Structure formats: structure tokens, C-alpha cells
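Start from chain A and add chain B according to the hints.
2 protein chains.
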Amino acid sequence: MKKIIDPWGAKLPESYEKIVKDFGLEQYRDNFPEPNRLMRRGVVFAGRDMNIIAEAIKHNKPYYVLSGIMPSNEKIHLGTKMVVENIRYFQEHAARTYVLVADLEAAATRGVSLEEARKTALEFHIPAYIALGLNPEKTIFYFQSDNKDVMHLAYEFSKKITLNEFRAIYGIADPGRIMSALTQVGDILYPQLERRMPGIIPVGIDQDPHIRLTRDIVNRTKEKYKFFAPAGLYHKYTPSLDGSFKMSKSKPDSMIELPEDIKSVAKKIKKAISGGRDTLEEHRKLGAVIEKDMCYELLKMHLIEDDEELKQIHDDYASGKLTSGEIKDIACKKMTIFMQEFAHKLNKAKSQINKLNFIRFS
Amino acid sequence: MKKIIDPWGAKLPESYEKIVKDFGLEQYRDNFPEPNRLMRRGVVFAGRDMNIIAEAIKHNKPYYVLSGIMPSNEKIHLGTKMVVENIRYFQEHAARTYVLVADLEAAATRGVSLEEARKTALEFHIPAYIALGLNPEKTIFYFQSDNKDVMHLAYEFSKKITLNEFRAIYGIADPGRIMSALTQVGDILYPQLERRMPGIIPVGIDQDPHIRLTRDIVNRTKEKYKFFAPAGLYHKYTPSLDGSFKMSKSKPDSMIELPEDIKSVAKKIKKAISGGRDTLEEHRKLGAVIEKDMCYELLKMHLIEDDEELKQIHDDYASGKLTSGEIKDIACKKMTIFMQEFAHKLNKAKSQINKLNFIRFS
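Quick note, the sequences are listed as chains A and B, same order. Here the numbering used here is used: the first residue of the first sequence is 5, the next is one more, and so on. Here the numbering used here is used: the first residue of the second sequence is 5, the next is one more, and so on.
Honestly, I wouldn't trust all of these hints.
Identical copies carry no separate label here, and so any pair may be met within one copy or between two of them.
Below are the DMTMM-like pairs computed for lysine to aspartate or glutamate, each with C-alpha atoms no more than 20 Å apart in a straight line [stated by the list, open to error]:
id, residue 1, residue 2
1, Lys152, Glu119
2, Lys228, Glu119
3, Lys163, Glu120
4, Lys337, Asp311
5, Lys163, Glu119
6, Lys275, Glu261
Don't read these hints as lab results, they were simulated from the structure. Since we're looking at a predicted model, the values are computed, not measured.
Extracted from the complex, chain A is given alone in its bound form (with noise of 0.2 Å):
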């Protein structure tokens, strides 16, 4: 059978490894320069065309950067601050910055309204977007449902794939995922309307099959748009705190989100899988375990910007010097300083929300 990356889904595959292999990727390998946490940690894994876009920075040549805010609920998780990291990553590269309120999305698939899921992402995405990093001033925004070129393309592109093409990329298809899936390739190619030029897309892994739909749209229209193929930047999944292999909605105790509740954030951090042998003596004899500890991964990717300072944590956990206790209560410390330099942030970005660059449509 035909392995599937499910963006929408709760299969999970088996390793990194293998996903670079089976789906043709090409592994992150210092592809671009003063590379980011992420970069630098394995954490951002693989990608496609990444070469592409490191010539483009390297010879000061226009290039892209997109991505989506899903406006749900007033909260987000660890793995959209790893996204929004690798946009700033790529705006401080000097791309040019687009970010889109899905807002069609979230009033189809969330019960929301368009004015809700709009109110929503004004008052809190796009706020906590600028708050882990995005400069607002070098950002494009605009929402999808304003954005009659985006669904002019997906329009177009619906006559350019057929649902077996469709189900070989997403191993399932229906009308709903269909028009959702388009859409974003509309909005992936949008940018290049204005001005042909490679763009890279920075997501979680689970999101690739939308690069690889797009790709080949922009294969089969090639001779009327001559749109460039967007590259793709992927990172690994933040691990759940229960060990498993991504954090879910559907286990609230395996996830933390932004913004929470320090004493429930402290809760979960006590309650995780940790790399800890079962007695004292045992650690300081074997060392942790540390591929196995969620916090020690918290630490990795997501609080310690200091590789120094991490490596120091790293080989004392590994000799054993420290517990999985004082792990722990490292962890619980950044998290707890994080939190707070998060809110502070949101609440002053929040104050800045009239200043965006909104595309205006006619």
C-alpha cells in the first residue's frame, strides 16, 4: 500500500527517516545560512527546492515566504510558534512576507462566522503571530475570503487534477478537503500573480501533501502562468508530553498551548514522560535516557536559544548529574518566563493591530 502524510489526520508515521525517503524529500543538511534553533537542532528536518530559495538569499534575489493563521479559537500550539519562527527566519532573509487569515476555512470546517473567525484573528492571531516574532511592518496580510484571485486559481486548478490524483496525494478525498486543499494552493501561488518569483513554505511535515499538489498544479499550467514551484521547509512534530508522537487536541494533558495557565503548564511539566531511570543510584550510574524525555525535547525546541547552554544540560542529564526532577523544574522555569514575555508581547502587539499592511482588494 501506498504510504500517505495525512495533514488532516491521526496517522502517524514511523520516522523521519523514512518520510525523506518515501516521499522523496530532500534532508535538511545546513542548507541555509546563520541558521535558526530549529535549523541548527534537527528539528527543521527536510524540505524540497530548499536550494533554490538559499540562492535566492544569497544573491539578494526576490523570493517568498507564506504562510496561514487558522482562526478558530483564541489559542495556538507549540507547533505554530515553530512555524512563525521559521517565517521570521525568512523575513530577516529579506522575503517577502504573506500571511493569511483562513478565515473561509475556519467559518466552513470550525462554526464559526467570516466576522468571527476575522475578529478572531485580529484580536489574537495575528497579535500572537507578531508576539514570537513577525515584524509587522515587513508582513503582507490579507483574508482569504476577500481574495477573489485565490479563488479564481482554485477554480482553475480544480480542472487540473483528477480525485485519483487527488487520493494518491492525500489518501483520501472529498468535496470538503478538495475545495480546502485548492484553496490553498491558490494561496500558496498568490504571491507570484503580482511577480513570478520562488516562494518556500514553512510547515509541520503532516502539511506537505499541499506542496506536493501544488507542485504538480504548477507543472500542468506551466505554459499559461509559468508560476515557480513553491519550496518547502518542514519540521518535526512537538512531541506530546505523554510521549506519544504528536501533541492532540484530544488529549489536553499531552499539549501546551499559547497562551496557558502557568500552574496548569507546571501541571502537565510534572506529569510528563520523562527520561529518568526508576532509582536515584541508577541515574547517577547510567545517565537519563534522554531521546526519551518530553521536557528535555521542550527544552530543545522551544526555551534554550543558547547552544552552549543546552549542550551543558544535555551532557549532565546524559552522565546523570542532573535528575529528570531538575529537568523538570528547568523546564517549568523557561516555560514560566516564556509565558510571561509571551503575554507581554501580545498585549503590546495587540495595540499595533491598525497598523498592518492588509492587502486592499477591489
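Below, chain B alone, put in the same frame as chain A:
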């Protein structure tokens, strides 16, 4: 195997009576007051929820009639003429009248740009509709590609139907057809965003699947939208001049287009299948096989308004008094007059195009 009416394809239903039965249609039986030629002569043969519209007419309550223009090339066929005549009937019975230009569909499937599609609609199709009796002052026009509300509805509706349900209605499902169909559902319901009211969609019977899909979706979204399910009014196909079920663009000799050079039309009429007998003697004795005579069908469906006049020709042909050659002569003369009048009215309508009521979208 389940029977399917295929609005895109070439499969032909065996008989209209069977269609009525198989698809649970209401047979048309004097449903409407002051019936037009097509209603009086059984060319309009079925519908859905016709009595809701009849009640609206009777009690002078608001309702709408809606149709779409596919602006590919500067030709329409006689089937379109029937649609326009039925729109006109409801327009003359106080219906709020909507005519949309399916420029998105034309651009996606007919290899024209949106701009070309619009131009063709403005320079030919809309004037042709006016020439065929549409009152431009009482008609609300819009371009599909301008109408974000229609696209938003299509997006939302995509989540309300499964692939199997789509396939059960259309017999086939692929992304292109799904996008077209959902957009048509959006068009059909769009007038009700402003005001909930019943509406009727006069179409060829092959378009019934769109009405069924719309009715299903109205049912599934009733809590949110409380739309009225659209009524349908179905006319028979204009028979092919070669005696096959339906005129077809793949057999140019079988069909008459508007406009068409009268010499070309005359040639096709000369070659058309007739109901005449093998010899004149036999014909005088037995009379014509009228139901086989395509030129008589043209007279009945399109060319003779006066019932008495038609009946006289019918009786004289049935008795053998009129020959098939004479029927062809009559058809030829009437068609010449019709084509001349159409050309005249078309030119006049073209000069009025600036005064149309196009919806201006913000």
C-alpha cells in the same frame, strides 16, 4: 445500476416519462397560469416544487427566477432559447430575475481568459438573451468571478456533502465537476442571501442534478440559513435534425445555432429526418409519421406561436394533405424570419448594454 442524469455527458435518457418516474419529478400539468408555448405543448414536461412558485404567482408573493450564461463563443443553441423563454415567462409573472455570467467556468474550461469571457457575455450573450425576450430593465446581472458571496457559499457547502453522495447524484465525481457544481449551488441560492424566498430554475432536464444537489444542501444547512429549496422547471431537449435525441456540437449538421447563416440552416433543414412516407401516393393515403418529423418539432417547439396555426399544420400533415417537402418549406421560411428578427433585435440590444443592472460588489 442506479440511473443517472448526466448534465455533462452524452448518455441519453430512454424516455421522458421514465425520467419523471426514476427521479421522482413532478410531471408538468397546467401548473402555471397563462402558460407559454413550451408549457402548452409539453416541451416543459416536469419540475420540482412547481406549486410553491404557482402559489407565489397567485398570491403575489416574492420569488425569483435564475439562470446562468456560459460565455464561451458567440453562439447559443435552441436549447438556450427555451431557457430564455421560460425565464421570460416568470419575469412577466413578477419574478425577481437573476442572470449570472459563469465567467469562472468559461475561463476554467473553455480556454478563454476571464476578461474574454466577460467581453463575450457583454457583446453577445446578454444581448442575445434580451433579443429573445428578457427585459433588461427587470433583470439583475452579475459576473460569477465578482461574487464573493457565491464563492463563500460554495466553500462552505463543500463540507456538507460526501464524495459518494456527489457520485450518487452525478454518476461521476472529480475535483473539476465538484467545484463547478458547488459554485452553481452557490449561484442558485445567492438571491436568498438578501431575502429568503422561493426561486425557480428553468433548465434542460440534464441540469436536474444541480437542482437536486442544491436541495440536499439546503436541507443540510437549514438550521443556519433557512433557505427555500429551489424549484426546478425542465424542458425537453430540442431534437437533433438527424433524428437523434439531442442536438450535439459534435454533429454540426444536427444542430441549429443562433445566429446562423440562413443558407446553412436551409441546407440542414433539407437534410433533416422527416415523417413523410416513401412515395407520395402512400403519403396521401396514410399521412405523415409526425412524431418522427424533426421539422415539425422545430415548428412546434420554436417557430409557431399560434396554437391554431400549428394545429392546422399538424392535421394537414397527419392526413397527408401536406407533404414533408412542404413542411420543410414552412420550417425554412419561418426560420428565415426568425433569424432575421433575431439579428435585428440582437443589434438593437447590443446598443443597450450600458444600461444593464449589474450588481456592483464592494
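Now the hints, each set against the structure:
Taking the shortest Cα distances, Lys152 and Glu119 sit within 20 Å of each other both inside one copy (17 Å) and across copies (14 Å). Taking CA atoms no more than 20 Å apart as the test, Lys228 paired with Glu119 passes between copies only; the shortest distance there is 15 Å, against 35 Å inside one copy. When the C-alpha separation of Lys163 and Glu120 is checked against a cutoff of 20 Å, the pair qualifies only between copies, where the shortest distance is 19 Å, while the shortest distance within a copy is 32 Å. For a Cα distance limit of 20 Å, the shortest separation of Lys337 from Asp311 inside one copy, 18 Å, qualifies, whereas the shortest one across copies, 91 Å, does not.
Taking identical chains as interchangeable, the C-alpha atoms of Lys163 and Glu119 lie at most 20 Å apart only when they sit on different chains, with a minimum of 19 Å there against 31 Å within one chain. Proximity of Lys275 to Glu261 under the C-alpha cut-off of 20 Å is restricted to the intra-copy arrangement: shortest distance 16 Å within a copy versus 76 Å between copies.
When the structure is compared with the earlier hints, no violation turns up for any of them.
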